[in-house]
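Asker: Work out the full structure, taking the sequences as your base and the hints as a guide.
With the working numbering applied, the sequence shown covers 3 to 275.
Each pair of labels, with its calculated beta carbon distance range: (1) D101 to W228: 21 to 27 angstroms; (2) W7 to M190: 35 to 41 angstroms; (3) H105 to W7: 25 to 31 angstroms.
Derived by calculation from the structure, the hints in this document are not laboratory data. In this text, a Cβ means the ideal position worked out from N, Cα and C, and glycines have one as well.
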Amino acid sequence: MTIEWAYILGGAVVGFVVGLTGVGGGSLMTPMLIYGFGVQPHLAVGTDLLFAAFTKSAGAVSFARHRLVPWRVVVQLTGGGVAGAGLMLLLLARVGTADPAVHAAMKVTLGIMLWLTAAATAYKVIRAGWWWRSASGPQRAVARADVPDAEQQRPRWRWGPLALGTLIGALVTLTSVGAGAVGVAVLMVLYPRLPLARLVAADVTYAVPLTLVAGLGHATLGSVDWGLLAWLLAGSLPGIWLGSRLVQWAPVTLVRSLLSLLLTWVGFKLVLA
3 MTIEWAYILG GAVVGFVVGL TGVGGGSLMT PMLIYGFGVQ PHLAVGTDLL
53 FAAFTKSAGA VSFARHRLVP WRVVVQLTGG GVAGAGLMLL LLARVGTADP
103 AVHAAMKVTL GIMLWLTAAA TAYKVIRAGW WWRSASGPQR AVARADVPDA
153 EQQRPRWRWG PLALGTLIGA LVTLTSVGAG AVGVAVLMVL YPRLPLARLV
203 AADVTYAVPL TLVAGLGHAT LGSVDWGLLA WLLAGSLPGI WLGSRLVQWA
253 PVTLVRSLLS LLLTWVGFKL VLA
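Answerer: Shown next, in the form of structure tokens:
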């Protein structure tokens, strides 16, 4: 198998798992590029950011067509996220993305973000357990959906979206991870009245401009492998399509449980390396 077909296959596997479970692609793609293909951390992060911008765009369009996107929330988070991305890009430009200290910081921070993603994924598995299916569960969901739209999109803390959005933007720019499962967890804290479907829609939609700005910033620093990006996209798009079609028949809970364990192990590998 040539290296190009290996990239296509890797992109297809990541896309399939993303479509099947909803786990953020950066949690899988960046470690795969670093350990599976020997890509330097700064190139893996920069390339994966643009990969995420392309792949999340399709999801954002789908959510928008179904009128699930809370645009006020997206604007609030995007402002903080882009600011955080800009600050991190300035720091990377000053230090140099290929600097060994930057590579070490990327690996350690990526490992910690993978632990957080693993915890969020495990929480989804626990929440889907039989004990959660009580009579009060559906009632809570309906009550939340009945809250007026303006109230749903009001953050718990006035400056929360800017502060947490800036933090996520900086972490995403450094590691390419954080706008997926971790982002949804942050949104659940900031917007407790927003229904889950709209939380996910907001997370996917604001991740598009965030990863695009961060990815293009990395490109100006020479941290994007454009050929690698093209091969990954060639495999991931059909992979996502197939995974999303099989989700209703697949043992998603089992797959998420295994992914949580895998992400935890990779996180230890990155932090302790």
